[in-house]
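Starting from the structure of chain R, add chain E where the hints point.
Each protein sequence line maps, in turn, to chains R and E.
Just so you know, we're using the numbering used here here: the first sequence kicks off at 1 and counts up by one.
Just so you know, we're using the numbering used here here: the second sequence kicks off at 1 and counts up by one.
Here are the simulated DSS-like pairs of lysine-lysine, each with C-alpha atoms no more than 27 Å apart in a straight line:
no., chain 1, residue 1, chain 2, residue 2
1, E, K177, R, K6
2, R, K34, E, K145
3, R, K73, E, K115
4, E, K177, R, K26
5, R, K26, E, K22
6, R, K42, E, K177
7, R, K123, R, K147
Everything labelled a hint here was simulated from the structure, so no lab data went into it.
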Amino acid sequence: MSFMGKYTLPEMPYAYDALEPHIDAKTMEIHHTKHHQTYTDKLNAALETCSSDIQAKDIVDILSDIKSIPDDKRGAINFNGGGYDNHRLFWNNMKPNGGGEPGGSIADAINDSFGSFSDFKEKFSSTTAVIQGSGWGWLVYNPSSGKVEYKSMPNQTSPRTEGLVPLLGCDVWEHAYYLNYQNKRPVYIEAWWNVVNWDEVESRFSKTK
Amino acid sequence: MAFELPDLPYAHDALAGAGMSKETLEYHHDLHHNAYVTNGNAAIAGTEWDGKSLEEIIGGTYDASAVAQNGIFNNISQLWNHNQFWEMMGPGESKMPGELEAALTESFGSVDEFKAQFSAAGAGQFGSGWCWLVKNADGGLAVTKTENGVNPLCFGQTALLGCDVWEHSYYIDFRNKRPAYLSNFLDNLVNWENVASRM
Numbered sequence: 001m002s003f004m005g006k007y008t009l010p011e012m013p014y015a016y017d018a019l020e021p022h023i024d025a026k027t028m029e030i031h032h033t034k035h036h037q038t039y040t041d042k043l044n045a046a047l048e049t050c051s052s053d054i055q056a057k058d059i060v061d062i063l064s065d066i067k068s069i070p071d072d073k074r075g076a077i078n079f080n081g082g083g084y085d086n087h088r089l090f091w092n093n094m095k096p097n098g099g100g101e102p103g104g105s106i107a108d109a110i111n112d113s114f115g116s117f118s119d120f121k122e123k124f125s126s127t128t129a130v131i132q133g134s135g136w137g138w139l140v141y142n143p144s145s146g147k148v149e150y151k152s153m154p155n156q157t158s159p160r161t162e163g164l165v166p167l168l169g170c171d172v173w174e175h176a177y178y179l180n181y182q183n184k185r186p187v188y189i190e191a192w193w194n195v196v197n198w199d200e201v202e203s204r205f206s207k208t209k
Numbered sequence: 001m002a003f004e005l006p007d008l009p010y011a012h013d014a015l016a017g018a019g020m021s022k023e024t025l026e027y028h029h030d031l032h033h034n035a036y037v038t039n040g041n042a043a044i045a046g047t048e049w050d051g052k053s054l055e056e057i058i059g060g061t062y063d064a065s066a067v068a069q070n071g072i073f074n075n076i077s078q079l080w081n082h083n084q085f086w087e088m089m090g091p092g093e094s095k096m097p098g099e100l101e102a103a104l105t106e107s108f109g110s111v112d113e114f115k116a117q118f119s120a121a122g123a124g125q126f127g128s129g130w131c132w133l134v135k136n137a138d139g140g141l142a143v144t145k146t147e148n149g150v151n152p153l154c155f156g157q158t159a160l161l162g163c164d165v166w167e168h169s170y171y172i173d174f175r176n177k178r179p180a181y182l183s184n185f186l187d188n189l190v191n192w193e194n195v196a197s198r199m
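Pulled out of the complex, with its shape left as it was, chain E reads as follows:
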């Protein structure tokens, strides 16, 4: 059964006041995300991955030794990444739940230190990719960065928060200023209840 593009969990203009414009979400969701769905479905058609879950395909096609990942992985992982990304953001004020604040303080010393590490990871990713807050198998939290479509599932980690640092995610609103996009993401866009629910 073919994968489908999920609707955004809010209107295209819902984040405009928080630094992510309607135009960005129209391109990013309706064109970029949709292309990963279309190309991902085409790539797995007739292969052993047809009928498998996104998570199974990502885990099964990631090649840690490869310089560049294959087309099935790239499209399916980016499909999954964007499915998570929209849910990890939301309109309006979002108060960080106490258990998440406690876990971040436990792992990073403070919420501010977590934010600093998360922003530095995103700004330091050479080229396209993502930065993440992940939960490791031992329960500890960590900040990571990944290239292109690679994500925490590839390393047996749970993705709690991810920020897309491909230029298409911020070029209309922030041009070259990726650090400004990252700080705005953390301060105004993240749905912390969603992040906490993934723990």
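Chain R extracted, bound-state conformation:
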């Protein structure tokens, strides 16, 4: 049986203009219909060239065991599979009228790891702002330490490739903010906090237990 288009572009959980004024509708539309679509298409194309064993695995399992992908295919799977997964996480860890401070168990975990929410936010913003080139800033859960941690990742490489569970991601590829913020990445990050969906982050965190 041939492998045909296993993955499809996930639907957006809200309208393209729902995150304005923090993230503009045009950026959201291009980001979803062009960038995310391309990662999805190229992931399918890359999987087409893989063995049926690999094709049968879920993308989360593939990324979590990226070293099992043959050398000549790993770059494309890492990049496009990461791009596919990162963006579906990203859409859902944002929402209209989001932001504020988290409650529940994720708030306790953040305080435990970073001292306070404001210390976490400062660490996340300042470190994500200086990522070289394209990449993502993440709040992750590290199963080895049992704690939440901050992690920068280059390009589309998923935190899952390092055994980490992504909880909250901020895309700092220029395509995520250039139409509205141009070179002002720190201003975009500051605005992004206003659309963070902490309920979703709590939900992801609760599934690590």
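What follows is chain E alone, placed relative to chain R:
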């Protein structure tokens, strides 16, 4: 002595008819390139690199084993990369000099094959970076791609042509369509006399 932002070798709107808008060049030169100058000067101030040339700093701070390069390298290499980039483009028709055409044909089989490899390198760079036409130490020409600010100087190569594939270089004019930006760059923007002069 601090490095300075060079003026563009043409007006900000000079390439607008060839697919690179005034707005793109205002942001790219006046803000992005300027930030590499400002941050590069700040990064080398008081270090052993203060007073050295761009080429010396790039060669001396590039770390082939590093997952991510340091701040001095990133800013100084991007300063140098953009200095070259503006000169490698120009307004108006640019005819490829015969010696460059001969060298490309010698190394790639044809000019079209060179263009295909150059575009594929740029489109295939995962994330931010550059694609290049380089001259190797043995004199042969090759197409390469590099991540973020890394450039041919890091590998002992001469940069003949470079195309910036950071999204800030094409997002205003081409949005997500990096391949269209690359083909337009080769067909309408490159100053082939400048490329040939680097051989």
